[in-house]
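Chain order of the listed sequences is A and B. If you're matching positions, the first sequence starts at 1 in the working numbering and goes up one per residue. If you're matching positions, the second sequence starts at 1001 in the working numbering and goes up one per residue.
Simulated from the structure, these hints should not be mistaken for laboratory data. Don't take each hint at face value.
Using 35 Å as the maximum straight-line C-alpha spacing, the simulated DSBU-like pairs for lysine-lysine come out as follows [as the list claims (entries may be wrong)]:
id, chain 1, residue 1, chain 2, residue 2
1, A, 3, B, 1017
2, B, 1017, A, 309
3, A, 369, A, 458
Restraint-style ranges between C-beta atoms, simulated for each label pair [to be verified]:
id, chain 1, residue 1, chain 2, residue 2, range
4, A, 215, B, 1057, 46 to 52 Å
5, A, 572, B, 1020, 16 to 22 Å
6, A, 218, B, 1026, 34 to 40 Å
7, B, 1057, A, 554, 47 to 53 Å
8, A, 389, B, 1019, 49 to 55 Å
9, B, 1061, A, 575, 29 to 35 Å
10, B, 1020, A, 232, 50 to 56 Å
11, B, 1019, A, 537, 51 to 57 Å
12, B, 1020, A, 270, 20 to 26 Å
13, A, 378, B, 1030, 48 to 54 Å
14, A, 465, B, 1021, 56 to 62 Å
Where a beta carbon is used, it is the ideal one built from N, C-alpha and C, also for glycine.
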Amino acid sequence: MPKVIRINMTDLSVRIDEAPEAWAGLGGRALTSTVVAAEVPPTCHPLGPNNKLVFAPGLLSGTAAGNAGRMSAGAKSPLTGTIKESNAGGTCGRMLGRLDIKAIIIEGQPAATDTWYQIRISSEGAVIEPEAETVGMNNFAVLDSVARRYGEDKGVITIGSAGENLMLISNISTRDPEGKLRSFGRGGLGAVMGSKRVKFITIDQEGTRPVPLVDSAAFKAANMVFTKALKDHPVSGQGLPTYGTAVLVNILHEIGGLPTRNFTSGQCEHHDMISGEHMYDTIVARGGEPTHGCSLGCVIQCSQVYNDKDGKYLTSGFEYETIWAYGADCLIDNLDLIAECDNVMDDLGVDSIETPVMFGVAMEAGILKFGDGAEVLRMLREEIGKATPLGRILGAGTAMVGKTYGVARVPVVKGQAIPAYDPRSVKGIGVTYATTTQGADHTAGYAVATNVLNVGGKVDPLSNEGQVELSRNLQIATAAIDSTGLCLFIAFPALDIAECLPATVDMLNARFGTKLTMDDVVGLGKTVLKLEHEFNLAAGIGPEQDRLPEFFELEAIAPHNVKWDMEQKELETFWNF
Amino acid sequence: MLITVKLFATFLENRFKEARREYPPGTTVADVATELEIDHDLIGMIFIHGRAAELDRVLDEGEVLALFPLLGGG
Ligand code: SF4
C-alpha cells in the first residue's frame, strides 16, 4: 500500500500511514494542493506552525515513462499568501515512486529556535535528527557534506542560507543525477522549510524494486507511442534539446514581447549577446553540453552544461527566464556574468525569476545601475548571502523592494514577479498571470505557445479575443500534467500530436489498473484549480487581486505601442467552468 | 525592392543572420524561403515587423521579415 509520511516538527515525531483511498488517483500538484487545502488553515501565517510543507511525486514517478522525473512541493506561500505548488526535476521523485511513498508532509514547528534538523527517509521509514554541520552552508556545500556522510547515491532536498534566513525569494533545491542542483523555484518555499527548521532531507532507495505495473505490456506500448511523439515533434525533438529554452530570447525580441529595462520596452538592443543561438555556439566552443537532462528518463533534454572560457563548469539548467531577466530586464549584456549569477543563485537557494526581476526594480530604484552585473554578483554574495539589512530587503522580493523604495513600476501579481513575456504584447499570458492561483507564473498556462509559437493553433497575441478561453484550457491541462510527474514540456507535442495525451492516460491506466478517460484527466485538472482557488478566497485573496499591475494599463510598450486593456469583467469569466 | 531578411536557429546554418536583399515586386514570403532553400514545411513562425504573417503574404518595399523554425521553451 502507498504510504504517507508525516513529520511533526513540534514534537519531533514521525507517523507513517497508509494513503487514504481518496488519494489513490492523486499525485504531484493534485496531491500537494489537496493536502494543503484540507489541512492548512487558509488564514495561517505561512511561516508559523500551522502551515505544512508537502512533497509528492507524480502518479507516473518511478516508472519508465519518458520525462516523468518531476516532483511537486506545496504549501501556503509566504511570498504570495496563496496556495503554492512548485515542481522540479532531480532524483527524488523517482526514488519516492519506488519507495511507494505518496507524500511527505512536514508539519508543526520546533519551539526552540537554536536547533536545526535533518530528515532521512528510506524503506525503513523516517528519522529526524539534530543537524549542525551544514547549518549556515549554501547548497553545493550541503550536497558535498551529505554525499560524504551518507553516500553519493542519496536523493537530497535542501535549503541554502536564504531559506535558513526565511527570505521570500528562497527556494528549495534538490540534487540532480549529476550532483548539481534543481529547484522548486517559486513562491518562497525555502522559507517555509526554514521555518520548520529542516536543513535537508535525504532519500535512500536502497532495497526498492521497480514500480509494479498492473499491465506492463500495455504500459510499454503506450510509453513507446508517447516517447515517439516527444521525439517527432520539432519543439521537443529538436528545438529544446539543441538550444534549450533560451531560444526564446530572439523570438520574444522579434515580436516585441521581451520585457526590457524593468518592463519599459518590449525589445532589447543586445538580444544577440544573450540569445539561445549564441549560447549554443558558446557551449559547443567551450566543450560544454548543449543537450542534457534534469532527471533520469528525460527524453527531451532541454537542459545544458555551460562552461566558462577556460572550459570549467559554470552552471547548468540555464533557463530562458534567468537569461531574460538579467540580460534584458536588468540590461546585463554578458552571458558569462549571467551564468555566474545563475550558479550563485543556485548555491544560495533563491528563485531565479523572483531574484533578477527584483534586481530590475532595485535598478530602477537606483540601488544599483542597470547593466551592472558585477554589482549584482556582489549583492547576491555579500548582501543577500550574508543577510545584511539591505540583503534582507532585496531578499524579500520584487514587491517589497518596490514598496521600500517607492517604485510604482513593480511587475508582480499577488506579490510574485512577472516572468519573461510582456503581457501587453502577449495578451494570453497576461490572462494567466492575472488569474492563476499561484501569483504571476508563466508555467501555469503557457499561452505563449499558441500566441507566438504556433503550437496548439494560433491566437493573435495583440488581441484580447479568445485569450481567456485559451488560458483556461491551458491552466486546466497544466494542473493535470503537474499531477503526473511528467515535465510540462510534453505539452508541446501534446498540443499538436493526437496520440500523445491519450498515451499518457493509457500509461496511468496500465500502471494502476484504472479505466480513466481523457475527460477524467481534464476533470482532475479542473478539480485541482477549483480547490486551489477556494483556498485563496478563504485566505482573503479574491477577484480584486486577479489583475495585472496598473502600469501595464498606463504605459504603452515599444515596438507595437500597446497597453494592457482587457476589461476586469472579462478576466473574471475565467472561473466560469 | 529591398527586404531585410532575418534568420534564426537551424535556419542560420550555411546562411546568414540578417541581410538586406533585393527582390522583384510581388515577391511573397514563400518566394523568399524558396530562394533561400528553406523547406516551407520547416517554417514554424513568420513575422513581418514583429507581427505574424503567412507564407502567401506579398512583401512591400523596406519590410523586415523574420523566419524561425518551429521552436519552444518556457
Ligand atoms: S525537458 Fe527539460 S525540464 Fe523537462 S525533464 Fe527534461 S531537462 Fe527537465
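To see whether the hints hold, each was checked on the structure:
1. 3/A with 1017/B: violated, 55 Å
2. 1017/B with 309/A: Roughly 24 Å separates the two Cα atoms, so the pair holds.
3. 369/A with 458/A: violated, 39 Å
4. 215/A with 1057/B: 46 to 52 Å: The hint (46 to 52 Å, Cβ to Cβ) holds, given that residue 215/A and residue 1057/B are roughly 51 Å apart.
5. 572/A with 1020/B: 16 to 22 Å: violated, 48 Å
6. 218/A with 1026/B: 34 to 40 Å: violated, 56 Å
7. 1057/B with 554/A: 47 to 53 Å: violated, 34 Å
8. 389/A with 1019/B: 49 to 55 Å: At 53 Å between Cβs, range holds.
9. 1061/B with 575/A: 29 to 35 Å: Given range 29 to 35 Å: violated, Cβ gap about 49 Å.
10. 1020/B with 232/A: 50 to 56 Å: violated, 37 Å
11. 1019/B with 537/A: 51 to 57 Å: Distance hint for residue 1019/B, residue 537/A holds at roughly 55 Å.
12. 1020/B with 270/A: 20 to 26 Å: holds, 21 Å
13. 378/A with 1030/B: 48 to 54 Å: Since residue 378/A and residue 1030/B have Cβ atoms about 52 Å apart, the given range 48 to 54 Å holds.
14. 465/A with 1021/B: 56 to 62 Å: violated, 35 Å
Going down the numbered hints, you'll see the structure goes against 1, 3, 5, 6, 7, 9, 10 and 14, while the others check out.
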